[in-house]
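S.K.: Given only the sequences and the hints, what does the whole structure look like? Please build it.
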Amino acid sequence: MVSLVAALMLSGCSGSANSQSNGAKASSSSAPAAGGQVMQKIKYSPLTGVSGLVVLFGAEKGFFKEEGLDVEFITTKNAVEALVSKEVDIADMPTTSAIIAAGKGAPIKIVSSMFRTKGPFYLIAAPGINSVEELKGKTVGAGSFGSGLDVYTQVILKKHGLSKNDVAYVANGAQEAAYASLTSGQVDATIIHEPFASLVEQNGKGKILAKGWDYLPNFHTGVLASRKDFIDEKPELVKKLLSAYFKSQQYAKSHPDEYRAFFLKNVKVDEKAIDSAFKREDVLWENNPDVDLKALQETQQIQVDLGFQDKIYDTAKILDLRFIPKK
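Residues -19 to -1, 1 to 308 (mature numbering (1 follows the signal peptide of the UniProt record, and there is no 0)) are what the sequence shown spells out, left to right.
Calculated from the structure, these hints are not laboratory results.
Built from N, CA and C at the ideal position, the CB exists for glycine as well.
It is possible that part of the hints are untrue.
Computed beta-carbon distance windows for the label pairs [to be verified]: (1) Lys67 x Glu114: 48 to 58 Å; (2) Gly185 x Glu214: 46 to 56 Å; (3) Glu279 x Gly185: 31 to 41 Å; (4) Glu62 x Asn247: 25 to 35 Å; (5) Lys249 x Ser144: 36 to 46 Å; (6) Asp273 x Val65: 17 to 27 Å.
M.R.: See below:
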């Protein structure tokens, strides 16, 4: 597990894009690119862990440089705070975080959907537990309370006649922390991302009981957001960042062998688990930058029903989709 956790940290990239970790900013060159093109600086916070690897793959391929961008990749625990404090100019974040923050007055705008918008979450259980119904009276990990992981866990339980009060409902972290809590016996089941869902199948430590998007097909999970002042002052950089972002995603999906090699170079996980994860989540990798207003409405209603949101906000007021790449 130690080697796995270390491998999940984002690696550095060559070219005009720079990377960093643990909140420390990377250095950024102001030198013109080859051919005399002046590179424009932008501070971007992508997803962390395996979900953000495609962006670094794209940086290595030179897609950000092609747009004339000198990107400073910044890792942050709270994307909204990082935007508001001007630590970053644009960031990946949970859709609900962006809606609630902007709805309450934070000076941010949703500028695009991410490469996927449906929850890539799985409810996995220890050996011997073969159905969601069998979790009654068991210990279930929900990631962190109030998060999208929590939403999916509660909805899955409800669809099988259970509530969080029918189990010992605990916050056990995400990704490698959730995986470790299951394999060590601290929880009997947990909500989790890939590649851990496939990994638990490969090593016989458990099984998948439910796929999140089967239960919440319209719950919107990911957007890119930017500050209002940055959008007003440098709209061309927002457009260029989104262009490079989706070039990276589209290239990775259409060149699976090349991206697989990059992924395995950065994440030391069983290759069979990676292949299983890629195959299972291909349907989620839509690369559609558009934002569905009906999906945002349904997402907010679910949040309100669970008590995670006090009211439904007018998302039309917090969207600025002028910059999304045209097909």
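S.K.: Going through the earlier hints one by one, which of them does the structure break, listed in rising order?
M.R.: none
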